[in-house]
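Enquirer: Protein chains in written order, with the working numbering: chain A, 1245 to 1747; chain B, 25 to 375.
Simulated from the structure, these hints should not be mistaken for laboratory data.
Cβ atoms here follow ideal geometry from the backbone N, Cα and C, with glycine treated the same way.
Among the clues, some could well be false.
[What the hints assert, rightly or not] Computed list of lysine to aspartate or glutamate pairs in DMTMM-like fashion (alpha-carbon distance at most 25 Å, straight line):
#1 B:Lys241 to A:Glu1335
#2 B:Lys241 to A:Glu1542
#3 B:Lys325 to B:Asp283
#4 A:Lys1409 to A:Glu1317
#5 A:Lys1633 to A:Asp1584
#6 A:Lys1587 to B:Asp242
#7 A:Lys1587 to B:Asp250
#8 B:Lys76 to B:Asp89
#9 B:Lys241 to A:Asp1638
#10 A:Lys1587 to A:Asp1394
#11 B:Lys241 to A:Asp1584
#12 A:Lys1575 to B:Glu252
#13 A:Lys1569 to B:Glu252
#14 B:Lys241 to A:Glu1583
[Unchecked claim] Covered stretches of chain B (chain A as the covering partner; in silico rule of three or more C-beta atoms under 8 Å from a C-beta of chain A):
#15 224-236
#16 244-258
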Amino acid sequence: MDGQSTPTLELRDVSKSFGAVVALRDAQLTMYPGSIHALVGENGAGKSTLVKIMAGLYARDTGTFQMEGKPVEFRTTAEAKAAGVAVIYQEPTLFPDLSVTENVFMGRQPVGRFGRIDRAAMRAEVVELMTRLGVAIDPDRPAEGLSIADQQIIEIAKAISLDAKALIMDEPTAALSGVEVERLFAVARSLRDEGRALLFISHRFDEVFALCDTVTVMRDGSYVSTTPIADTDVASIVRMMVGRDVTELFPKVAAEIGRPLLEVTGLTQPGVFQDISFQVHSGEIVALAGLVGAGRSEVARAIFGVDPYQTGTVTIDGKALPAGKPSASMKQGLALVPEDRRKQGLVIDATVASNITDAIRGTLTRGGLITTGAENAAARVWARQLEVKTASLDAVVGTLSGGNQQKVVLAKWLAANPKVLIIDEPTRGIDVGTKSEVHRRMSELAGMGLAILMISSELPEVLGMADRVLVMREGHLTAAIDRASATAENVMFAATHSGEEVQ
Amino acid sequence: MTTSVTTQPAAIERTYAAYGRPAWRRVLLNREMAIIGLLAAVLVVASVIVPKFATPTTMGYLLFDITPILFISLAMAPVMIAGDIDLSVGSMVGLSSVTVGLCSQMGIPIAVAGLIALAVGAIGGLVNGLLITRIGLPALAVTIGTLALYRGIAVGLLGTTAITQFDKWWTALIKARIGTTGIPVVMILFVLLLAAFVIMLHFTPFGRGVFAIGLSKDAAVFSGVDAERTRVILFVLSGVMAALAGIYYALYYTSARGDNATGMELQVIAAVVLGGVSVFGGRGALSGVVAGVLLIGVLSKALQLVNVTSDVVSIITGVLLVLSVIAGSVMNWVQSKRVRPVPGSIQSKTA
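Chain B with its partners taken away, still in its complex shape (with noise of 0.2 Å):
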């Protein structure tokens, strides 16, 4: 009664490898590791031949003009991660930046006016989210709209002025470089974001819901996430990062403008995409994704010290980005092609 299959071998005992590939080549042959091994090159041949490239001043100024992408893109991936985009926060750092300005023109101190900067940051990733998951419209078309929308409500707000007066503690904390380094101390706030976002991302159960909506949003409902939820809280952090590097942006350049970061939202997803994260949801790592921030940060800053025009720059940009698009398709390509059908399901042959 017990057993159906009757000449079946009694129980292999299997063993199950936790990888099919060597770990050295795991580790190694990425993308993330692709992205982190150019950012290197680029690093060693612009110090040599670049004058005064690799100088704490220049890596400070560097760092300083990424930072607001650095933030921004923290969030974005996992946002692209789990399928969507975010179309809205160029204009959110705009929309947070005059917040900022205004509530300081009023004598709100800076820390409340930072508060209530990420307050409107995280309101509008929510209204973001919930037009998304609730009425269940596409992300590209949402935030092509509160692109729209943010952006109108900032410029509202201040008109074509600006707002330049800020505490001066305050802009002095945010150009402030640690020691003799270079480094600016606000990277020291993002390497502790990142390690918030890495912990999120890649080690908690959440994380592993965020990739596993990307890949199949079904399978995902079918086993237990809680797609809506995690769909709204990704769009939430994304606004409240957009409104923190508003806050910088409106610190750092001592003005408030209703048009600051136009655009910004391009560079961003330019650098995820950039960084491994795949347009279509389901992979990409942080890892990669700092290092194509980086990676961009470094490349136009190297170019503009040998006195190359953006133009210039925006064309390298376009086309590494394009090549990695296609890389990662060829690779996809080749490892297709790779992959052995599993050999059917019969061990015992027959004699």
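Isolated chain A (complex conformation) (with noise of 0.2 Å):
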């Protein structure tokens, strides 16, 4: 915030490009120490590529960066390492087999006598580290199965043990639940405290509000402003990302309650979640919510089918589904669009084509057999349906944009002409203008008469666009609230407290 002292990192009108398309045009990024500065814009608005380019993973076309006052000229990233720059990923690479400790001296242990490496050195300065960024992490357990806040500790531990100047934390928060954010916020805090320049990227606006003292938003590849935190609000942060107004973020229409579609009675499977027992009625949404690990998508996943579950009924429409087949409950008008896009929702690889039609395939053949013709015609229907913005139809999914992945991901299912939708974080890592025209979509849909039950974790959503909240935690269902007294409040006690407190 102190604009006089002298920048730890400053790029000036930076470009790149990858042969004709321009990723980033004349770029501005200025980070000061003892700043939390928030870096923000849709999907494809070029905040990974600036991002790469700080790291040395890509090299600029043109422009200046400079740190401290001199130009820096990285060529890989381990110069950028060198020179003080760190980027602490959403999904860390970790060594699993390794131990806490090799994981964070990895490729530059110190050695001691005869060139043994010191473990004791190691040790203690990992045990000092842990301490200062106040967590408890055993520095001798292996890095297997720690969960991603962990390991985003981890991380940093690292780039402070490097004694990085200028930390790029890129969507760090996006697989955390509430708790693990607060702490990583609190890490964030105190580094900023000892001085360094931390950048944050992430779509979640009250913890770009929460944590950072100035915000850039980038749009198409281009710089839009840089302004305090304190001098701007949403409103005016998502129309410079959008260029344009978004009115409502959760334009939630209510929509006529009709019968039950999916009941769900005495759910059990030991040691994942115990007795879940909920109804969700035509029209109506109803919001999963609780901490991530709290068992929701394993609820969602064993009545669908691909999970299975010991005891308890699931039925669509008064028809008992059978346990572990989703064939069956496909059939019986369920869909599932599952948590993680690319490894479940989509075959990512395959066309845009063929995964719209995947869930239908067996509707569109003639005589058992079936054409690419036939395929193409059903999945034109539906990406024209849901405005998919994709080259050709025969364009690998993969490369479509994270909001038109998703897109094809609703198109696939709602081609199945579901009568109950079940949506797994509908919004996770989509831009905010897709965002909306996801929640919307769902809107129309409930007041079609479809049944959604939408598992989310992010609490505005969750409040925005449910009629009732159901309460996850540990596995049981802890609260139900309805749309009317829901509040941020009660819905995270019930997702940290135990059921008899709640009401």
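Both chains are sitting in their own frames, so use the hints and assemble them into the complex.
Expert: Spelled out as structure tokens, the structure:
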């Protein structure tokens, strides 16, 4: 924030093209010591390209890049690290079989006499780092099995032990639960107070406002603005990101609530979830909230039949579903948009047309035979319905942007004409424009009489979209709260406290 | 209440081209066409420079030689497209030919003996499939095990002896050619099976599921594909086709031995991979696979006619295989360089 001090890192008029595609056009970014700077923009706005230039992965085409007033030129990531730039990615890649200590010192182990690795010194430094960060992670345990949040902490510890001056966090909170986010923020603030410069990239505005002091907005590969956080608000940031007004983030339309379409009774899988019972009615959007790891996705997967369950029943419009048979569930009109779009929702290396028709292939046959022509015809209808942006129907779906990929998943399941739609994290990792489009679409579907069960870790989404909020904690349903009485406080309370204490 | 985004231009009617490339490029510029073209080129060159190559007799023997590989590759291709592999097929050829031999020795008619051999193949394939899907072992490990197991049973049943007496009518039928064309009569059976496999793999929802499993098993399961059942069926088919090749082997060479077709699994896999099936699964077509088998057959026959020894033939096949795999990777790399990021999701630029 202190305009007088020398910026830790300063990029001016940086451009980068890949062939004919301009990824970055005159980008600007100035990070000051003792400041947490937010970088926001839609997917494809150029944030990642900018980060990769700072990390030494890409070379810029034009512009200047200075650190602490001196021009720098990174040809490799090692050079960037040596100069004090550290990047913490959304999902860190640690060596799973090595201990926490060994991971922190990978590639630069301190050596004692005769070139032996000085284990005692390594361990002592890690213990000190963890104390400084205020976290309790056993330095001797293997990295395998650590939560993503803990893995990020280890990456941060690594960065500090390298004495990083600029710490870049690329969507670090996307896979974290509320408590974990708070811990990460505490660590980030303590690093700021040590005089380091931090860059925080996030799609979640509440986090940006809670943590950062300055915000830089990018759009279409260009710099839009840099403002102190105190001088702006969510609406104006969104306007700058999208280049137009998004009047309502959660365009929930009240729909007529009809008969129960999804009924879950006493669903139990020991150690995963216990005695889960609820109903979702026609026209209703029910949110399943809770912390990451509370068992929400597991319940959804068991209902759909991808995972087994031991006892309990699931019925769709009065008809019981057999356990463990997704094809039978689909036949009764159940659709599941899974949590992991790239691994579960889509065959990421297959074409747009093939993905859109993945769930309806059986109905496209004539005399048992299917042709690419029939698939394309069906896919075209749904691509148009959802306004999927793709060059052609035979484009590989992995080349589309995150938002468009999500539209393809939605198209795939809407094509199956479901009665009940389960959506796990409907808007994770997609930009604000597409986000509101997905929400509008969900609202529309509820209006058409679908029963929608939405799993979401984003409280504003839960509160904005749901007619009813179910909360899970450690495998149990701990609360059912109506739209009218649902608040961030009572949902979070139910997610973190046991059932008896609620209400 | 109904609209959320105020300034978006009213519904642009999007049109969706089915294909990103013009038709001629799609049809001509792919792995399968490259192999078919290479096959055609080798055929033309061999016909011109190798004496006695372009004759019905030579062509007939060429096809007789590669018939077992043709049969097995039809089933190996889908197995590999689904991301698995079956290394036990060579041993199954041996076990099946021993089964036919023993049954025939006991006086069982060949037709019945053949059905028994096919059943043995189906059971062998089922064992592979169940071990792989139910216990969750990798196909490579399981079928290396059954490669040894099935071969062991085959050799154990017959020892080092061979059965060389078969019903004359059947051996004559297997060795028969269609009129004066030189084409073996068994090719009729092959063409029928080829048609069946093409339909199964390229024109049914089941076949689409096979490709989906090979690209992403998770995503296939989440789309309602019964991945376990599909993979078991493919292994059963693989066992049955290997058994069919074993019946042919016994009758054509009039010799049922435990060590028949040792190492044939590698010839089959080489031809399938040469034909454009990805070793990682998810990609391939039977047109390329058949061309791959034929290419290896034509090359070895032509070189054999000009007295090139079989080790040189192996070297050439090996080089071709490595080159084809490299070419695939290079093509992928070139394509990945050409893929352009989708422009951001904003159409209307602010003024």
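Enquirer: If a hint holds in the structure, say so; if it doesn't, say that too.
Expert: So, going through the hints one by one against the coordinates:
The suggested pairing of Lys241 of chain B with Glu1335 of chain A holds, with an alpha-carbon distance near 22 Å, which does not exceed 25 Å. For the hint linking Lys241 of chain B to Glu1542 of chain A, the alpha-carbon distance of about 18 Å falls within 25 Å, and the restraint holds. The suggested pairing of Lys325 of chain B with Asp283 of chain B holds, with an alpha-carbon distance near 23 Å, which does not exceed 25 Å. Straight-line distance between C-alpha atoms of Lys1409 of chain A and Glu1317 of chain A comes to about 16 Å, which keeps the hinted pair within the 25 Å bound.
Pair hint Lys1633 of chain A plus Asp1584 of chain A holds up; C-alpha atoms about 21 Å apart against a cutoff of 25 Å. Straight-line distance between C-alpha atoms of Lys1587 of chain A and Asp242 of chain B comes to about 6 Å, which keeps the hinted pair within the 25 Å bound. For a cut-off of 25 Å, the pair hint linking Lys1587 of chain A to Asp250 of chain B stands: about 17 Å separates their Cα positions. For the hint linking Lys76 of chain B to Asp89 of chain B, the alpha-carbon distance of about 17 Å falls within 25 Å, and the restraint holds.
For the suggested pair Lys241 of chain B and Asp1638 of chain A, the alpha carbons sit about 21 Å apart, so the restraint of at most 25 Å is met. Distance check on the hinted pair: Lys1587 of chain A and Asp1394 of chain A sit about 23 Å apart at the alpha-carbon level, within 25 Å; holds. For the hint pairing Lys241 of chain B with Asp1584 of chain A, the CA-to-CA distance comes to about 13 Å; that is within 25 Å, so the pair holds. Of the supplied pair hints, the one linking Lys1575 of chain A and Glu252 of chain B holds, its CA atoms being roughly 19 Å apart against a limit of 25 Å.
About 12 Å separates the Cα atoms of Lys1569 of chain A and Glu252 of chain B, which keeps this hinted pair within 25 Å; it holds. Between Lys241 of chain B and Glu1583 of chain A the alpha-carbon distance is near 16 Å, which keeps this suggested pair within the 25 Å criterion. Counting residues of the segment 224-236 of chain B whose CB lies closer than 8 Å to any CB of chain A gives 7, which reaches the minimum of 3, so the coverage claim holds. With 7 residues having a beta carbon nearer than 8 Å to a beta carbon of chain A, the segment 244-258 of chain B meets the requirement of three or more and the stated coverage holds.
No hint from the list above goes unmet by this structure.
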